[in-house]
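Participant: Okay, here's what each chain looks like letter by letter:
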Amino acid sequence: MSYISIYKSIVARRILVLTMFLVLTFCLFLADLCIGSSGISPLVVLKALFSNSVSSVVHAIVWDFRLPWSLMAVIVGFALGVAGAVMQIILNNPLASPYTLGISHGAGFGAAMVYALGISILGPLTKYVHYIVPINAFVFALLTCALIMIIGKIRGFTYETLILAGIAISFLFSALLSLMEYFASEEALQAIVFWLFGSLIKSSILKVEIVTAVTLVSLVVLLRYSWELVTLRLGDEKARALGVDPEKVRVVTMVVVAILTAAAVCFVGIIGFVGLVAPHIARFLVGEDARFLLPTSGLAGSIILSASAIAAKTILSGAILPIGIVTSIIGIPFFLYLVIRGRRGVW
Amino acid sequence: MLVKVQDLVYGYGKEPVLRGVSLSANEGELVSIVGPNGSGKSTLLKCIAGICRPWRGKIEIAGRDITRISKRELNRIVSYLPQETTPPPSLLTVYEYVLLGRVQSLSGRVAVPEEDHRAVLETLDMLDLTSYAKRYMNELSGGEKQLIYIAQALARKPKILLLDEPLNHLDIKNQFKVIRLLRELTRKLDLCVIIVMHDINQAARYSDKIYLMNNGEIVAEGPPDEVLEPEILEKVYGIKFRIVYDENVPQVIPIG
Ligand SMILES: Nc1ncnc2c1ncn2[C@@H]1O[C@H](COP(=O)(O)OP(=O)(O)OP(=O)(O)O)[C@@H](O)[C@H]1O
Ligand SMILES: [Mg+2]
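Respectively, the protein sequence lines represent chains A and B.
The first sequence lines up with residues 2 to 348 when you count with our numbering.
The second sequence lines up with residues 6 to 261 when you count with our numbering.
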């Protein structure tokens, strides 16, 4: 057998999976777009997208609500999927997720601070609350990453150090978050809890554009580290023997992932389990090759989140459940199925 | 000299583990390092591979001070196979594992260059491993894995090969196959191969030069028949040996 045929047969399957995921993502996106409580038929939705021959109410519903929500589900799912895959690699841990280093708690605290105390890092609240919350959440999410960098600088960027530091910082911010909740008024408390559940309803086209830009740039940077990331899976000792500096790869990719996660989380709140489960689904289907693992994991995230968005609208008629709750409810059984049925081991 | 180590001192804690080690190896030479457990063999190899930074002394690779060679450049010349490795991840194929040996040339690329494919396939072919290419790493036996590790180190096409107990877990035929292949490559490609091993008889049969280490020092060096003296070995290992000759190759027999 020539090398081309061996390699091609290994890669062909992965390309197939990636393509299928791409198609599936698109189908779910369309379905998500067409399904809703306002009773607009799918055909009318498509018409509203591609022509102007619909009433202005329908046009507004589709363009101001449906489209940004559906796009946000796809892109945030993608971001969390990619971030989770990289986290699991650099922390060498199948339980790692984009939130393992405390980013979610940092973001949560950042948001709660605005709601509870009415202040942000930009100073006292102005009328742009819609943007102050995400900005503050983003900054505090990155602050957790900065704290971890400081600890890593002192103790070395081994995965043990990073995980332990991440857990400590998660606890710190989770305590601070509780403190905010304690001082918050009834109304503010409700806003905090709602934010923490994760929800797509504050999406807008601009927010979608921001997250998309950050995600694309991050993906390109991370893909450039594909081979180094796979090498990390062989253990630090081996990576070093192969000429890769594992700590350097960890630092660079960790910063990228932190920015990526913070960008996704700050607009939609904490959507759990996508970033934990998507990488396992992807790894199961395409293996460890990061060139395929990262995009496939991203698409798996998009699929989970789009499917959850549909479920969130349809489970209870007349009410939209917070998507963060739905992802866990539908994601976990699927995840367990993989763990139980996976023949080759999952890690 | 392709590899030249002079008065190397290195340790992990306060006490040095290597206490003034000198060693040299040339193109087309297969050099063995033998010695008791904990004598510093692996540590010495790590220093030559540029992974540990010497406290004192000097290491020259191809005539240049190792501290002045960039990591990238060093990794183009030197390939190092560590003694112990964490188990490989479940979902990595043999082909990909060996390909990772060439991570330096793959770095930053999404498409795998033709040259790297060729290197992988040639190496698999040399070790009769081509039929394993699509198998998953965690489905291989201990010895089969070890062969893949060796393949990964060879796939880099280095000038200098540092192998830490490469024959571990291999059956007698595969030991023979690997060491003969290394011997052959050393001659054919003018490689410089430094192997740490415990089997003194194999070292005697296949190396041009043996370094006997004890307690962080080189206690004997030279061609096999000079190093394998009963008195020297007894001092190092603390047991008695008898030396017999098989076709002019000294072989040691421990007699307690
Ligand atoms: N990472 C480490 N930290 C502290 N001490 C170490 C470390 N690695 C090795 N040592 C110590 O250095 C000494 C030499 O170790 P080394 O691994 O070089 O021995 P070796 O000759 O390769 O032994 P073996 O034949 O068992 O592989 C030993 O006493 C060991 O305890
Ligand atoms: Mg050793």
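I should point out that these hints are in silico values taken from the structure, not numbers from a laboratory.
Hints may be right or wrong, so weigh each one.
[Unchecked claim] List of simulated lysine-lysine pairs, BS3-like, C-alpha gap at most 27 Å:
#1 K314/A to K48/A
#2 K19/B to K154/A
#3 K76/B to K9/B
#4 K63/B to K164/B
#5 K249/A to K76/B
#6 K63/B to K9/B
#7 K193/B to K9/A
#8 K19/B to K9/B
#9 K150/B to K164/B
#10 K182/B to K162/B
#11 K9/A to K154/A
#12 K193/B to K164/B
#13 K182/B to K249/A
#14 K150/B to K9/A
#15 K9/B to K162/B
#16 K178/B to K139/B
#17 K76/B to K178/B
#18 K178/B to K162/B
#19 K9/A to K178/B
#20 K150/B to K139/B
#21 K76/B to K154/A
Participant: Each of the hints needs a verdict: does it hold here or not?
Facilitator: Status of each hint after checking the structure:
Our distance criterion of 27 Å between C-alpha atoms is met by K314/A and K48/A, whose separation comes to about 22 Å. With a C-alpha separation of about 23 Å, the suggested pairing of K19/B with K154/A holds against the 27 Å cut-off. For a cut-off of 27 Å, the pair hint linking K76/B to K9/B stands: about 18 Å separates their Cα positions. Annotation: proposed proximity of K63/B to K164/B holds, straight-line Cα distance about 20 Å (limit 27 Å).
Proximity of K249/A to K76/B is assessed by CA-CA distance (about 13 Å); at most 27 Å being required, the pair is judged to hold. For the hint linking K63/B to K9/B, the alpha-carbon distance of about 8 Å falls within 27 Å, and the restraint holds. Between K193/B and K9/A, the direct Cα distance comes to roughly 32 Å. Violation of the 27 Å bound is thereby established for this hinted pair. For the given pair, K19/B sits about 25 Å from K9/B by alpha-carbon distance, which is consistent with the 27 Å threshold.
Taken as a hint, the K150/B and K164/B pair is honoured in the structure, with Cα atoms around 24 Å apart against an allowance of 27 Å. At roughly 19 Å between alpha-carbon atoms, K182/B and K162/B fall within 27 Å of each other, so this suggested pair holds. The suggested pairing of K9/A with K154/A is violated, with an alpha-carbon distance near 42 Å, which exceeds 27 Å. With a C-alpha separation of about 12 Å, the suggested pairing of K193/B with K164/B holds against the 27 Å cut-off.
Taken as a hint, the K182/B and K249/A pair is broken in the structure, with Cα atoms around 38 Å apart against an allowance of 27 Å. A hinted pair counts as satisfied when its Cα atoms are at most 27 Å apart, and K150/B with K9/A qualifies at roughly 23 Å. Taken as a hint, the K9/B and K162/B pair is honoured in the structure, with Cα atoms around 20 Å apart against an allowance of 27 Å. Proposed proximity of K178/B and K139/B is supported: the alpha carbons are some 23 Å apart, at most 27 Å.
For the proposed pair K76/B and K178/B, the alpha carbon gap of about 36 Å is over 27 Å, so the pair is violated. With a C-alpha separation of about 24 Å, the suggested pairing of K178/B with K162/B holds against the 27 Å cut-off. For the given pair, K9/A sits about 32 Å from K178/B by alpha-carbon distance, which is inconsistent with the 27 Å threshold. Between K150/B and K139/B, the direct Cα distance comes to roughly 13 Å. Compliance with the 27 Å bound is thereby established for this hinted pair.
Taken as a hint, the K76/B and K154/A pair is honoured in the structure, with Cα atoms around 21 Å apart against an allowance of 27 Å.
Hint compliance for this structure: hints 7, 11, 13, 17, 19 are not met, and every other hint is.
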